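Asks: The task is to assemble the complex, starting from two chains supplied on their own in separate frames and drawing on the hints.
As you go down the protein sequences, you meet chains A and B in turn.
So the first sequence is numbered by this note's numbering: it starts at 1 and just counts up by one.
So the second sequence is numbered by this note's numbering: it starts at 1001 and just counts up by one.
These are calculated hints, taken from the structure and not from any lab test.
Note that this is a predicted model, so its numbers are computed, not measured.
All C-beta atoms, glycine included, are put in the ideal place defined by N, C-alpha and C.
Warning: the hint list may mix true and false statements.
Distance condition first, Cα-Cα at most 30 Å in a straight line; then the derived DSBU-like pairs of lysine-lysine [unchecked claim]:
1. A:Lys132 / A:Lys160
2. B:Lys1007 / A:Lys114
3. A:Lys209 / B:Lys1138
4. B:Lys1038 / B:Lys1107
5. B:Lys1122 / A:Lys333
6. B:Lys1107 / A:Lys320
7. B:Lys1122 / B:Lys1109
8. A:Lys228 / B:Lys1072
9. B:Lys1016 / A:Lys320
10. B:Lys1059 / A:Lys320
11. B:Lys1072 / B:Lys1016
12. A:Lys132 / A:Lys268
13. B:Lys1109 / B:Lys1138
14. A:Lys287 / A:Lys268
15. B:Lys1109 / A:Lys333
16. A:Lys333 / B:Lys1133
17. B:Lys1102 / B:Lys1038
18. B:Lys1072 / A:Lys12
19. A:Lys12 / A:Lys287
20. B:Lys1122 / B:Lys1102
21. B:Lys1072 / A:Lys333
22. B:Lys1072 / A:Lys237
23. B:Lys1059 / A:Lys228
Sample of chain B residues with no beta-carbon within 10 Å of chain A, all distances over it, derived [unchecked claim]:
24. Asp1002
25. Glu1051
26. Val1118
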Amino acid sequence: MRLYSLGEIDWKDTQLIYHAMAHLGHEGVVICRPRGPYFCVGFHQDVRQELALEHLKALGVPYFRRETGGGTVRLDRGQVFYQIVVRRDDPGCPPNPERFYERYLQPAMDALVKLGLGAIVAEPNDILVNGKKVSGNGGGDMGDCKVLVGDILVDFDAAKMCQGLRCPTEAFRAACLRNMQENITTVDAERPGTTVEDVERALWTAYLKVCSDGESMAMPPEVLSLAKELGTKLLSKDWLTFSGPVHPWRRVKVREGVHVGVLSVEEKRTVLGHLQLEFHDGTLGSKVIPPDRAKDPDRAVRETLRVLKAGLAGDGPLMKDLRRLLHEMDIPKDRMDGYVKDLRASIETL
Amino acid sequence: MDIDGYKVPDNLYYHKEHMWARVEGDLVVIGGTDFMMKLAGAVKRVVTLEEDDEVEAGKPFGTISTGKWTGKVYSPVSGEIAEVNEEADSNPKLINDDPYGKGWLIKVKPSNLQGDLVTLMKANDGQFEPWFKAEIAKHAKK
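Okay, chain B solo, but in the shape it has when bound (with noise of 0.2 Å):
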């Protein structure tokens, strides 16, 4: 799904901080959105926490730089990382190019799924959408 030329995966679940999430078996992939970095530009550096840490749904787990700004990305998930990723580290090119691929930021193994999944959004909800484009008129350019 696109709207208003940024990319939604419908098999996604989004977090309010422009963070996504995937099931992948017992494991929860995030990454930051497409929307998150057309917004922040050139990422130069991710530090997030380690492996075996715990992360709170919610609640900040690393910071990303991109040479104007520090921000914080926040997880939509609780649980204990379970991978970081050191590609995305080493190369944070890749969460410009391939936010919901090659760019992701952590995997998370979940304490609390089923009670997560339902305070996040699907990009097919009704709701979503005008959410959305609400997103993009309030950081829009004036």
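In isolation and in its complexed conformation, chain A is listed as follows (with noise of 0.2 Å):
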């Protein structure tokens, strides 16, 4: 396995070469960083319901739909990332995603180490300093390969972050802003005056361990041009508005352990309010909020909670919705029903 640091490339680049390696079956490990920023969504996840396309369009800022997975990202100069390829058949190559994420975060923990900070792991993928989370890392089967993407913040803006996601109200906006705010840091923050290129570096000496075969600075022929064909189709329409199921939910993952999400109330196709849930390392808060344009705030908040009331009695549509909600917040199946008692017990006392 070869170490390539590639710098500051076009923001495409940082996507299409580890993608093509990984269809090449060509092992290595990619350090580098993106000219500009654009967003990034997981394999399975749909543009359409996860950003503000009109946004992102008017401020020209791209996205991208990769292959592996994990949740939306904006990336940017101030983040370094890493990507790392092995083939499934490498006797090396950890079986499970757990035990791969725990191989190949190691490195990305010792640079942090190197650097002064504090770092652990949340499994199974995201490393916090401080409590926040400093790395996001996502993963996949990718060809005949397993892939985890990953980056360490050195600078971050949460508000920008939150501008190009799509948000059914903007309170639950501010809460996606607020939690990340309270839950993501960056080297910059945790070690003022620590360089992109102090983060290569020190990762580049990290990732240097793992790979047998040494440093290359320049990536084969092959793979480049393979990154060129994979453009035409990654980049495509098609493949960019991969659509999936609607929900009358959303949910954003801000870390391990800390997710916002929000459930639309309906009644006769309308959207009376929405019932907001913010979980936080098993602690689950909830309130009723009335749509952004509500003539009669009040009033909304008051139909909606008198829907709920009658739809979490039973076992009927809204309730299978909430369900689904709770399991994308990564509720566990064995405390799904203490979690959907309390909440229905705290909607009672509204």
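Replies: Here it is, written out as structure tokens:
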């Protein structure tokens, strides 16, 4: 396995190169960063449900749908990427995602420690400093390879991230922003003055230890050629606008164990209001909020509560949607009933 | 049958990529095992090939995503997809909650059923339990 340290490159290449490596079965670690901002969604995400596409278009900010898992991210020059591609038939390839993350996040952890940050892994795939996320990671099977893609946040603009998200209400957007500000940190915030170059060097040193074939300054031409070819597919409208089922809820994962969710409450196909949920390390909070343009917000909340109380009393569609949203928020199956019961009780008191 | 806390029904055929197959009339129902789902965590999305598409034994026919990972699902038999579980598509929670029942993934009209079945394992075969326990050990936390 070889290490490729590419520095600052075109935003598209920060995605296309590791895709090409995986599809060619070319093992390696890539360290790079994008020349400009873009949004990136996971393989199974629908950009029309995830992103404020009109807003991004107005700003000229592009977006990409990668072949690996994980959620929506806003990527920019202040983030340093590490991308690991390992063949499934490599005897050293860890057998499952958890072990894969464990093995290949360790160098990123070592790099942060070298920079003076006390980093820990929040299993399976976040790296935290002082309880806040400083690195997000996703992975998946691609071609005959397993791939991990992650980044270290040297700088991160939570407001710009939230502006680019599709949000059913502005209250939901505000909740996302607050949770990001409270639960995401950056290298610069923790160790002021640390630059992206410092982080690149630390990552280079740490990942070189898992690259038995050493470093290479140039990417093989067949990888670059396939990357260019893949660009035609992976930047096409058909690929980017992959459509998933449309649900009456929206969920944003902020870090492992922290989610913001919202369930729209409808009657006769009209949205009366929303049940907004915030899940924070095992604690579930809820509130009922009116639609953004409600003429009479108090009345909208009362009407929403009326429908919620009736809908959550049984096991009808609203309850099923609530359970699906809680599943999306990683509430474990064996604790689902307890959270539903508590939520129902708290709504009854409103 | 239960092995170390994982359900492995006796009436199913098992593929080494932790997929199961059940013969129902002239179709084969296919899904992921309890072991696979417990290892994967909460499934958020499943995307498979569509009806009438061809599948090949041992080759991927779709992907499941858990939020942290997008992994492939493999077909234990060759044939043509007769039905895709639309309910699991809109409610992937079923795949975790009921992997051998409502959480099935596809039904296949097999093209080489007997030939494919002999390559699969059954839970009450002598070699299944040692293989399965070795898989548990391989994937277990260190």
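Asks: Against each hint, give a clear statement of whether it holds in the structure.
Replies: Against the structure, the hints:
Straight-line distance between C-alpha atoms of A:Lys132 and A:Lys160 comes to about 19 Å, which keeps the hinted pair within the 30 Å bound. With a CA separation close to 45 Å, the supplied pair B:Lys1007 and A:Lys114 exceeds the 30 Å bound. Of the supplied pair hints, the one linking A:Lys209 and B:Lys1138 holds, its CA atoms being roughly 24 Å apart against a limit of 30 Å. Distance restraint check for B:Lys1038 and B:Lys1107: the Cα-Cα separation of roughly 23 Å lies within the 30 Å cut-off, and the hinted pair is therefore satisfied.
At roughly 28 Å between alpha-carbon atoms, B:Lys1122 and A:Lys333 fall within 30 Å of each other, so this suggested pair holds. A threshold of 30 Å between alpha carbons decides the hint, and for B:Lys1107 with A:Lys320 the separation of about 26 Å falls inside it, so the pair holds. Proximity of B:Lys1122 to B:Lys1109 is assessed by CA-CA distance (about 20 Å); at most 30 Å being required, the pair is judged to hold. A hinted pair counts as satisfied when its Cα atoms are at most 30 Å apart, and A:Lys228 with B:Lys1072 qualifies at roughly 25 Å.
Proposed proximity of B:Lys1016 and A:Lys320 is contradicted: the alpha carbons are some 34 Å apart, above 30 Å. Simply put, B:Lys1059 and A:Lys320 have alpha-carbon atoms about 34 Å apart, too far for the 30 Å limit, and the pair is violated. Proposed proximity of B:Lys1072 and B:Lys1016 is supported: the alpha carbons are some 13 Å apart, at most 30 Å. Note on A:Lys132 and A:Lys268: the hinted pairing is violated, with a Cα-Cα distance of about 42 Å set against a maximum of 30 Å.
Between B:Lys1109 and B:Lys1138 the CA atoms are separated by roughly 33 Å; this puts the pair beyond 30 Å, and the hint is violated. For the suggested pair A:Lys287 and A:Lys268, the alpha carbons sit about 22 Å apart, so the restraint of at most 30 Å is met. Restraint check for B:Lys1109 and A:Lys333: not satisfied, since their Cα atoms lie roughly 33 Å apart, outside the 30 Å limit. Proximity of A:Lys333 to B:Lys1133 is assessed by CA-CA distance (about 25 Å); at most 30 Å being required, the pair is judged to hold.
With a C-alpha separation of about 16 Å, the suggested pairing of B:Lys1102 with B:Lys1038 holds against the 30 Å cut-off. About 25 Å separates the Cα atoms of B:Lys1072 and A:Lys12, which keeps this hinted pair within 30 Å; it holds. A distance of roughly 40 Å separates the Cα atoms of A:Lys12 and A:Lys287; the hinted pair therefore is violated under the 30 Å criterion. Distance hint between B:Lys1122 and B:Lys1102 is fulfilled; the C-alpha atoms sit about 21 Å from each other, no more than 30 Å.
As the CA atoms of B:Lys1072 and A:Lys333 are separated by approximately 23 Å, the hinted pair is consistent with the 30 Å bound. The hinted pair formed by B:Lys1072 and A:Lys237 meets the criterion: a straight-line CA distance of about 24 Å does not exceed 30 Å. Distance check on the hinted pair: B:Lys1059 and A:Lys228 sit about 27 Å apart at the alpha-carbon level, within 30 Å; holds. For B:Asp1002, the requirement that its beta carbon stay farther than 10 Å from each beta carbon of chain A is met, with the minimum near 17 Å.
At the 10 Å boundary, the C-beta of B:Glu1051 stays outside the reach of chain A, the nearest C-beta of that chain being 17 Å off. Remark: the non-interface label on B:Val1118 is consistent with the geometry, its nearest Cβ contact in chain A lying 24 Å away (cut-off 10 Å).
Hint compliance for this structure: hints 2, 9, 10, 12, 13, 15 and 19 are not met, and every other hint is.
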